[in-house]
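A.B. asks: Protein sequences, first through last, are from chains A and B.
When we follow this note's numbering, the leftmost residue of the first sequence carries the number 137, and every step to the right adds one.
When we follow this note's numbering, the leftmost residue of the second sequence carries the number 10, and every step to the right adds one.
Footprint (simulated), chain B over chain A, 3 or more residues, beta carbon under 8 Å:
#, region
1, 454 to 466
2, 582 to 589
3, 853 to 865
Computed from the model, here is a short list of chain A residues facing chain B with C-beta under 8 Å:
#, residue
4, I481
5, D536
6, I710
These aren't lab readings, by the way, just hints derived from the structure by calculation.
No residue lacks a Cβ here, since even glycine has one placed at the ideal position from N, Cα and C.
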Amino acid sequence: MSKKYYLTYLLLCFTSVIISQDCILKFEGIVKDFHDGTPIEGAYIKVEGFNLYGVSDHKGNFIIENICNSKFKSTISHLSCDSKIVTINLDKKSFVEIRLEHHIEELTEVSISSQVDKKTKTTQETVIKNDVLERYSSLSLGDAIKEIPGISSINTGNTIVKPVINGLHSSRVLIMNNNVRLHDQDWGIEHAPNIDINSAGSISLIKGANALEYGGDAIGGVIVLNPTRIFAIDSLFGKTVLNAHSNGKGYGFNTTFTKTFSKGFYINGQSSFKRSGDYNTPNYSLTNTGNQSKAFSLFMGKNQFEYGYEIYYSYLENTIAILRSSHIGNVENLVDAINSLQPMIINPFSYDINAPKQEVSHQIFKGKFYKRFKELGKLDIQYDYQNNHRFEFDIRRGDDRDIAAVDLQLQSHTFKSTLQLDSKSPNRYKIGLLAVYQDHFPNPETGVRRLIPDYEKFDLGIFTIGNFKPIEKLSLDVGFRYDFNRINAKKFYQTSRWIERGYNDNFSGIILQDFGTQLLVNPIFDFHSFSVSAGISYDLNNNNSILFNYGLSNRAPNASELFSDGLHHSAARIELGELRIKKETSNRVSGTYNYNEEKVSISIEGFFNHIKDFIYIEPTGVESTNRGAFPVWEYKQVNAALFGVDWNIRYNITEKFVIQNKSSFIKGKDLSSDRALIDIPSFKTVNLIRYTNEKWANFNAEIQSEWIFRQNEFPDNNFEAFIPRTDSYVLVDISTPPPAYHLLNFRSNFDLKFSNENHMNIAFTINNLLNTSYRENLNRLRYFADEIGRNFSIQLIYNY
Amino acid sequence: MKTIKLLSILFICSLVFTSCKDDDDLEPINEEEVITTLKATLTPIGGGTTVVLQSQDMDGDGPNTPVISVSGTLAISTSYAGIVEVLNELESPAEDITEEVLEEALEHQFFFTPTNNVASIEYNDTDADGNPIGVEFTLTTSDAGSGNLTITLIHEPNKSGVDVSSGDITNAGGENDIEATFPIIVQ
Chain A
137 MSKKYYLTYL LLCFTSVIIS QDCILKFEGI VKDFHDGTPI EGAYIKVEGF
187 NLYGVSDHKG NFIIENICNS KFKSTISHLS CDSKIVTINL DKKSFVEIRL
237 EHHIEELTEV SISSQVDKKT KTTQETVIKN DVLERYSSLS LGDAIKEIPG
287 ISSINTGNTI VKPVINGLHS SRVLIMNNNV RLHDQDWGIE HAPNIDINSA
337 GSISLIKGAN ALEYGGDAIG GVIVLNPTRI FAIDSLFGKT VLNAHSNGKG
387 YGFNTTFTKT FSKGFYINGQ SSFKRSGDYN TPNYSLTNTG NQSKAFSLFM
437 GKNQFEYGYE IYYSYLENTI AILRSSHIGN VENLVDAINS LQPMIINPFS
487 YDINAPKQEV SHQIFKGKFY KRFKELGKLD IQYDYQNNHR FEFDIRRGDD
537 RDIAAVDLQL QSHTFKSTLQ LDSKSPNRYK IGLLAVYQDH FPNPETGVRR
587 LIPDYEKFDL GIFTIGNFKP IEKLSLDVGF RYDFNRINAK KFYQTSRWIE
637 RGYNDNFSGI ILQDFGTQLL VNPIFDFHSF SVSAGISYDL NNNNSILFNY
687 GLSNRAPNAS ELFSDGLHHS AARIELGELR IKKETSNRVS GTYNYNEEKV
737 SISIEGFFNH IKDFIYIEPT GVESTNRGAF PVWEYKQVNA ALFGVDWNIR
787 YNITEKFVIQ NKSSFIKGKD LSSDRALIDI PSFKTVNLIR YTNEKWANFN
837 AEIQSEWIFR QNEFPDNNFE AFIPRTDSYV LVDISTPPPA YHLLNFRSNF
887 DLKFSNENHM NIAFTINNLL NTSYRENLNR LRYFADEIGR NFSIQLIYNY
Chain B
10 MKTIKLLSIL FICSLVFTSC KDDDDLEPIN EEEVITTLKA TLTPIGGGTT
60 VVLQSQDMDG DGPNTPVISV SGTLAISTSY AGIVEVLNEL ESPAEDITEE
110 VLEEALEHQF FFTPTNNVAS IEYNDTDADG NPIGVEFTLT TSDAGSGNLT
160 ITLIHEPNKS GVDVSSGDIT NAGGENDIEA TFPIIVQ
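Only chain B is shown next, with the shape it has when bound in the complex (with noise of 0.2 Å):
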């Protein structure tokens, strides 16, 4: 009898466990943070050409490389007022992420690093600390010449290290949020 109720109890204790649970109608997840979409909008201050710099990548962390775009050829020795933005496009409408950036100034901060000394970069907005936060800021381009800027989004950076407020990334630390190199010609 005593083996009959025991096991009878672990039949119940197995139903009870057993319950259960809707999983026939799995939704695929379109990731919220996931940046696809890096666009930096370069409007000459004395009037001119606007350059579009845009790096996107739909599948996120898939195997396809960003695209990378840039509109136009840079004029020599020109201050481009600049305008960068982040969006999410797997969102419809696209969500603007460069909203939460602003929200979290405090941690987050645009780098702009140019090779082969084709522009110089001022940042002109500053978080609640008083230190630059990359969304807007000036360019200027020299001499003709060509070379790369990367343009890196970094999250909690150390705001407060050696030249991280002039814009050197080399002691930020933090991670990359995004980053993305654009070929750009002065000319």
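The shape of chain A in the complex, shown without the other chains (with noise of 0.2 Å):
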């Protein structure tokens, strides 16, 4: 746009004022695109409480001549925009700059988008929509997502249960609640996920560390819970799930309210409760098996579309009961318990939560704030705080029965900050800054040494991302990331400790305190990380696309690899961590193919992972000590590679019949000793037959075979232990996995409909429906007891 023609509006506007009252006022203007300030065509702009209107041209440029009234309103709209209302006074401005929103079908805050919101195009993403998470109301995150091919679990009973994506877990799965990294001693297997299913609205599963956005250490994948989405209208909604189920006669209830405003204020919230007593196995009880769980979660904001903030506040407390015949007292106890086919200790049933138990609980808060900028694009700061308080209780004797043996303390604060620059529209760039700071306390009243030491961490991460578009057919992705990690940490040695692990040679410097028989030192460890990942997608056509990516990812030790130190008494062993442990490395590629049409669709995902310094746990020896012996597990670093491949097909017999296949298969190798890597899942395949009728209130009926493979491939940990009461050697066989087994599932459900706003899902479930008895491999207590038997539930979801 000219000078001139700036200065021809300006002598314009000058004349209007002049003869304002004679109903031959001028309004003129231009519409162009927020984002990269393109003018728009065919912007309809109408002069409220007249009946005057104008059609922006091919320019953006628009008049709308004989206006009385030198004050009044104008809506703005345009076929795929928000509309928008602006203030006018003539006498002040006849020529206005009008900025629309054009990019609605990216905007998923504010705009209703059919599409499924995936967080990344190049990634091998999947999300879980809501009304397959509210069937797992009652049960966990690590339950859920199971039903995503590729992806298992790694329990400690049935209700400790963590995802295990690609044979990768615990630090090396990264979880994203409501945009905020859940720092929650992710290190420890038998330290679930503190997160209510209940409170999300939809999960994306990513596997691999592609998305860098979220972090550069998430070698095996990154997890991220969406909340309900808001949608700038007058709106007051909410749900209601009520619970129950017979193994464990367990019973629970969600309940969600929603308020919107169309000037884009909203609130929500939503509390949960769940309760079950001990679980049963097809021939006996699990004593002490029993959980509860509270949570309830706030957030409210304003959403709209130049800028928003949002604060929110999340609170779950679960209380575990761990089984009592796992509590066992060294290697002898661990052979009779290997030996006896069925626990040590069985009582009759019982809500009652006693020692071994975990009482865990975790707050989040969270500040948020956006603006978007003119032709640039949108600034996100976000500052968040988490508290996680873990206690364990073990069996204890004398005054300290009712003290916890593990009482820890993991606090963080989070300020996170991205830019988003879309004005170069179909192209899109992030560059993102990160600092956390963590400070960890065990509490020392518990009498117990300290399993994980007091420590800081510092970390700060800055990551830039681009995502292009050269043809319409073709996506790709690149990032970069660098981290900056610091531990620094104050851990007691016993000095036998210090000594036998040859740390005096490498870190006599670091010696703070001799206290005789214990030591005080003061590691402090820094790490460099740097972080690729490329992606790249492409449609062949309207039914079969394919994606390719690499990622190159680093993982920094974490405090329990670095200085764990202490007796497991779930697994009758000493574990311990290394101080001289490196960060690890992972370059992983892979592969997915995509058809999908009306009839068939298919998934075929393919991964090869290659990561060097590998950091795990394994058995090196036995020790001694008055309680027995003990096998001693140390952290240790070998190259591996794990490699795989996941498909899901499903074909639409005909239009009331579905069947569907869900498998993955997965191999892990230690490179380092040729052998293979412990806790890799088995191949499993999931078979499905539905019958869905729409005009019997939706009605809904599936049964599902669970077919898990014996693992064939294991590294042998066996280890001879000797017996003192029979004077003689015993083989201890912690290595042989369980048999193979197949289970059985049924589900059904119907709608009822009260009005358009209100109607009610009823379900009801059948798992294990042949009340089979099994072990599974990937279970911590496989040594002591069967997984649970049949289990009936019923669940009624009422929206209003």
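Both chains are sitting in their own frames, so use the hints and assemble them into the complex.
C.D. replies: Take a look at the structure:
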């Protein structure tokens, strides 16, 4: 637009002021795209209160003449934009520039889009929608995401469920809850993610470390929990879910309400409660396996196109009983447990939660603000605080009976900011930075030596991501990230352990104080990591698409891998960290083929992950103590390779009948000593047949068959232990996996519609229909007891 | 303006949550429940030399193995009055954990398991239910020979299990609080 042009308008404006009362006022302006400033053609400009309107031309310009009043409101609308109302005062200004948001399909916050909102375009991402999540209302995050092929879990009993993505878990899986990276002492297998699945609106699961925005260390993958979507409309809606299940005599409820306003303000509250008593296998009761969970969350904010903010708070408290028979004294007790076909202690059903047990609470507070800048993009600023407090109660004696044996508190402060540059659409860039401060405090009141020491941790990360769309069918992603981590610990070592580890040679400089039998040391470690991701997706035609990606990621060792030092009663083993452990580096390549048409859909995902200096724990010997002998498990590093294929095939036989197969196959190799990796899921295949009839109140019934093969490739970690009372050596078989098993599950549900807004969904489920007795290789309590038997459950979901 | 307001709220929040905590004076934890020492004193009923069996492990679950000592040989066909003590010598003065065992007698029992028939053991004490505890016992040697004597303290045993009250550990269940094996010579 030339200067001359502006000048003309200025003159006109001047003129119009003089003759304002004679219905000869002129309203002129230009309509432009908010992001990149390109003119918008065909926008409809209405002068409210008068029957006057104009339409913008191909340059975005419009003129409306014969206006009588200099002050009025004008509505500007366009087919693919959000409407906008502006107040005009022609006395001051008769030429206005109007910016409309033209990228409605990308604005998930403010628009209703029918697309499944994937977080990424070129990674192996799967979204679990709300209706599927609701089925798992009484269960955990780990149970729900097993819906996706390639995802399994590593369990401690049946309530502590840790997600395993393509064979990797714990610190290698990053969990984002409402855009907050969960910091909940995730290093331990028996530390379940502190997530109330009921608070999520949907879950995106990204395999591999390609979503660099969330972190560079997600060697396994990222689980993103998205809150309920908020739309800028005047509305009040809610949902209540009631559950009951027979095994464990459990029950639970969850209720959510959301109030939204057309101006963008919203508030959402949610609370849930679950309780269950002792579960049972087909043959016996699992004494002390109940659990109780309380959670609530509240968030409110304002969502407007140009700016918005949100405050969020959530609280979760889990009390989990751990199978009484799994708490053992020494190797001898472990041998007895393995040889016994059932747990040593079987009592009648009870809701009581006794030691051994865990009590964990997690709080998140978050404040977020965003603003969009014209012809630039969107700036996000967020601060969050998390407080994770974990108590573990053991079987103790005397005055210590009711005192927790483990009392760890992790507090995290995170500040992050991202700038999304989307003015050069369809290409988009994102840059971001993140700073984290963590403080870990093991309470000495336990009277038990600190399993994980006092430490402070600082993280600093910067990243940049570019999404390119050179042609319509092709998407390219490139990302870089740099992370700095510093861990500053203060740890007590038994002097005997310090010498046995050989730390005197390398670390004598970090000793702060010598207490005789114990040493106080101050290890400070710095880690620098550089991550890269690159991805490409290409639509061959309407039905076929392919995707390839590569990720380089690094993970610094966690506090457990560096410092753990103590006896684990549930595993009857001494676990030792290693100060010399370095970061691990993963190079992962993967590819996906998707075929989609009405009758058939196929998705095949393959990956190869080479991990240099893979950190893992394995037995290295036996130590004698006054309690007897214990195997020692030490953290070690080897080069490892994992590869696998996951597929999901659906075929609609008729309109009403669907069959589906979901399978995952994975191998894990320790390249350093040419043997199998420990804790790798075995081949799993799930087949289901579903009948749907929309005419019968949305009736649905399905039978699902789950077949889990035996893991035939496993490292032999068996060892010989001396049993004094029989004066003999016994082979302790902790490696041989249990046999394959097959489970049948049934599920049926239907809708009752009361009005457009009010409807109820009733679901009836039977898990382990045939009441099969089995043990799962990836359950740490498999030495002690079978998995749970048949379980009937009923669920009512009321939407209003 | 709003932006500034909001940022300042965030900043204040972060101040509130970053409240200080004193972690400068870290004290080592001397575990209260650890049993460092098991000591069995065997006094011949008809007079003679007292024999002391001791297992001491001063670093608890640490790498050092327990130090086992037996003060002498046992006499042939002799009855000894036995007393077991369990101690935590990390505390000063040493904590006598035997007292706790006796207070929670219903949940504890010592087991004495000889090999090679070097001796037989009878309990000399009972808990409130009339089941043995094993702090006091009688050990009777047989003919000359050598073997091991394993003394085990079980926490939460099933005292009503088959033969548990007569000292057979096989069906006791529970978990080991301490276990020590002593080489015994009868001559």
